[in-house]
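Q: Given next are the chains, with one letter for each unit.
2 protein chains.
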Amino acid sequence: MKDFNFYAPTEVVFGANSEEKVASLIKHYGGHKVLVHYGGQSAVKSGLLDKVCGLLSDGGVEAVKLGGVVPNPRLSKVKEGIEICRKEGIDFILAVGGGSVIDSAKAIAYGVPYEGDVWDFYVGKAQAEVCLPVACVLTIPAAGSEMSEASVITNEDGDVKLGYSNNISRPKFAIMNPCRTFTLPPYQTAAGVTDIMMHTMERYFNPDCDMTITDEIAEALMRTMKECVFAVLKNPEDYRNRAQIMWAGSLAHNDVTGDRGNGDWATHQIEHELSGLFDVTHGAGLAAVWPSWARYVYKENVSRFVRFAVNVMGVPNDFTDPEGTALKGIEAMERFYHAIGMPINIHELIGREVTDEEIKEMVRKCSRNYTITQGKFKALKPEDIEAIYRIAK
Amino acid sequence: MKDFNFYAPTEVVFGANSEEKVASLIKHYGGHKVLVHYGGQSAVKSGLLDKVCGLLSDGGVEAVKLGGVVPNPRLSKVKEGIEICRKEGIDFILAVGGGSVIDSAKAIAYGVPYEGDVWDFYVGKAQAEVCLPVACVLTIPAAGSEMSEASVITNEDGDVKLGYSNNISRPKFAIMNPCRTFTLPPYQTAAGVTDIMMHTMERYFNPDCDMTITDEIAEALMRTMKECVFAVLKNPEDYRNRAQIMWAGSLAHNDVTGDRGNGDWATHQIEHELSGLFDVTHGAGLAAVWPSWARYVYKENVSRFVRFAVNVMGVPNDFTDPEGTALKGIEAMERFYHAIGMPINIHELIGREVTDEEIKEMVRKCSRNYTITQGKFKALKPEDIEAIYRIAK
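Residue numbers (the working numbering), protein chains in the order written: chain S, 16 to 408; chain L, 16 to 408.
One chain only, chain S, in its complex shape (with noise of 0.2 Å):
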């Protein structure tokens, strides 16, 4: 059994209402003047952001506004809110919305008291050792940004999207109403519940599997999960299922389903390649490349496949065929993404087939310029992952 380190500390506050809270809050973690970071669709227009402003006002946090962050956020956009921090003295940020919002107001937390370029972490050419305070008033259930250590940022000057991690940056609190999700879109609904399961599933097909506990918790995650989007893309409106959705895109990458550096993390990479290059949403991404990695992998720990399919998917288990079993698994979360309205590969996600040299380019991308592998499940060369975007188009 592999040792781990477990380390949540931001604070949930959930609930309808629960933004209430939030000058208290940004008070109790020693915030004096804030951004407040967002996009600028959903938060302005449901009147979130007016409210949280105008709560700021009353409990008098004094609040900077920055909006503008896209899906995949954008490293220039980053550098925006560096600058405004620096020039106004601001000492802790606040993003409202979700993790591509989280993410960025992350990345801007480490620029501010770094002397460099803010991408040299993301790089690796530099590890941050402060960073001002984040928190979040959440809207998009999925990334799970709220409670983890992680910002992915996508850097336009040659498309590059990577990943920094640091244990500094995980949100102080984080404001979870489930009625702010009511409006998220089918789409966006079911993207997110699809990257909600798919943090836990790269946590559970990982090269151990030996910690039944975490196991039986994963997958008491995921099946849930099933349940709760079909309620809520019939009832939009539907609190609880909304509020189980929303907590469980906390606890998929909290590490309570399993330690973040022992999962497989290969389909995320491959993925982020693809939403690097096609700016898909993140969520569809990864449903159109997982049947595919699944399929290139299940051979290196078929009973784990078992595993999944039996107690996640439902399949009855072929004892006389375990890998027919692990295969019809693969096969039921195919027909599970198609029944939310995801994609299960490319051409379903982009439209089209992709090309030969958009691959060879994301494979390029993916490993480095041929340099590492991905995945721990089974360590992917350039070749594999170049088989499985062929086996995704």
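Mixed in with the good hints, there may be bad ones.
The list makes no distinction among identical chains, and a pair is therefore deemed to hold if it is satisfied within one copy or across any two copies.
Below, a list of computed lysine to any residue pairs in the SDA-like style, where the Cα atoms sit at most 25 Å apart [unchecked claim]:
id	residue 1	residue 2
1	Lys187	Asp274
2	Lys17	Ser61
3	Lys314	Asn170
4	Lys343	Asp399
5	Lys140	His43
6	Lys375	Gly329
7	Lys17	Gly339
8	Lys42	Lys187
9	Lys66	Lys140
10	Lys36	Glu144
Keep in mind that the hints were calculated from the coordinates and are not lab data. Please read these numbers as outputs of a predicted model, since none were measured by experiment.
Use these hints to put chain L onto chain S, whose structure you have.
A: Relative to the frame of chain S, chain L by itself:
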């Protein structure tokens, strides 16, 4: 669905030899001079105490030792610790032991900066605003105190056992080395698992019962504990199952399996008076109480007890007889307790029947002189508490 807060900031450092990191962790969390707090039996005999003190010395952390904590830790020892910390200028408390030692360490941590009597916090006369930082090297998986905000102390003056909960005392880090639990005797091992399962059961039997994901995670934990305990009773050096029990001890009490504030806790409160009066092992006391509590309250929500019977205890669901299924679940739990050497009533716990006078005294204390009810699944008045003691006697 109830709103909730989730806050589990303790850094868990889990694995064989994890104690090697003790000095660097203390320095990371700002400690310079440490009170090493312990019981006196296993930590000394096993060499762990000497090892920890050596590691602290090698790491340049000054340490003062205070042993002698007993199960159901005493207020007099807490006061001794407070005096030492003040005299020695100690700024960090490291508990080396199980729940009793950690609870005692938290009480000392509250007391050092407080001008009044530390017992004020436990009787509700005052709220602690600050405390010294606490951390632990865990040796007994049971109480969950290594990640929790709770501390239970017994005041010898009147034999009053009371708990105080405050987020500021949550340990900064918890070092968990499953090898350190290999020498736990079978009775302590079984009582520990009983306590772990009960922390989840207290949450599972709540008045709302409406979070499928939390229920499934809770059931996963309880099911796996039932397996793991038999494995380690058979082979005390089974690392994997010792590790699962150790990690479950934290998960069961860090609110992943349910919000503490929404749980029932009547069994704990009823047991507190038992272990206060007879100084029995807390986990064994819980086993002696729970079946009687369950029989007394199950009609409040039969379907919850049916779910427990089927999903945790593996009882076949007789759809024609929900009450029968519920009762079979309670009986199955009694058989499980017996199988791991735990009592199922007070007679088995203390070796004799409890007297009428003793019951009356426990009812009086448990109901705080007949002023409060206990429990949320069913709010128990003094006469209900008395009835349960009588069923359990």
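Q: Within, between, both or neither: how does the pair Lys17, Ser61 come out at a Cα-Cα threshold of 25 Å?
A: Classified as between; 24 Å across copies, 45 Å inside a copy.
Q: With identical chains, the pair Lys375 and Gly329 could be close in the same copy or across copies; at 25 Å between alpha carbons, which is it: within, between, both, or neither?
A: Intra 37 Å, inter 52 Å, cutoff 25 Å: neither.
Q: How would you label the pair Lys42, Lys187 (within, between, both, or neither) given a Cα cut-off of 25 Å?
A: The answer is both: 11 Å in one copy and 21 Å across copies each meet 25 Å.
Q: Checking Lys17 and Gly339: alpha-carbon separation at most 25 Å within a copy, between copies, both or neither?
A: Classified as neither; 30 Å inside a copy, 43 Å across copies.
Q: Is it within, between, both, or neither for Lys36 and Glu144, if the alpha carbons may be no more than 25 Å apart?
A: between (29 Å within a copy, 20 Å between copies)
Q: Go through the copies and call it for Lys66 and Lys140: within, between, both or neither, with a Cα cutoff of 25 Å.
A: This pair counts as neither: shortest intra-copy Cα distance 40 Å, inter-copy 38 Å.
Q: Treating 25 Å as the Cα threshold, decide for Lys314 and Asn170: within, between, both or neither.
A: neither (36 Å within a copy, 61 Å between copies)
Q: Classify it for me, Lys343 with Asp399: is the Cα-Cα distance of at most 25 Å met within a copy, between copies, both or neither?
A: Within one copy only: 23 Å inside, 53 Å across.
Q: Between the shortest in-copy and the shortest cross-copy C-alpha distance, which are at most 25 Å for Lys140 and His43: within, between, both, or neither?
A: between (34 Å within a copy, 24 Å between copies)
Q: Please work out whether the CA atoms of Lys187 and Asp274 approach to 25 Å or closer within one copy, between two copies, in both situations, or in neither?
A: Both, since 21 Å and 19 Å are each at most 25 Å.
When the structure is compared with the earlier hints, violations turn up for hints 3, 6, 7 and 9 and for no others.
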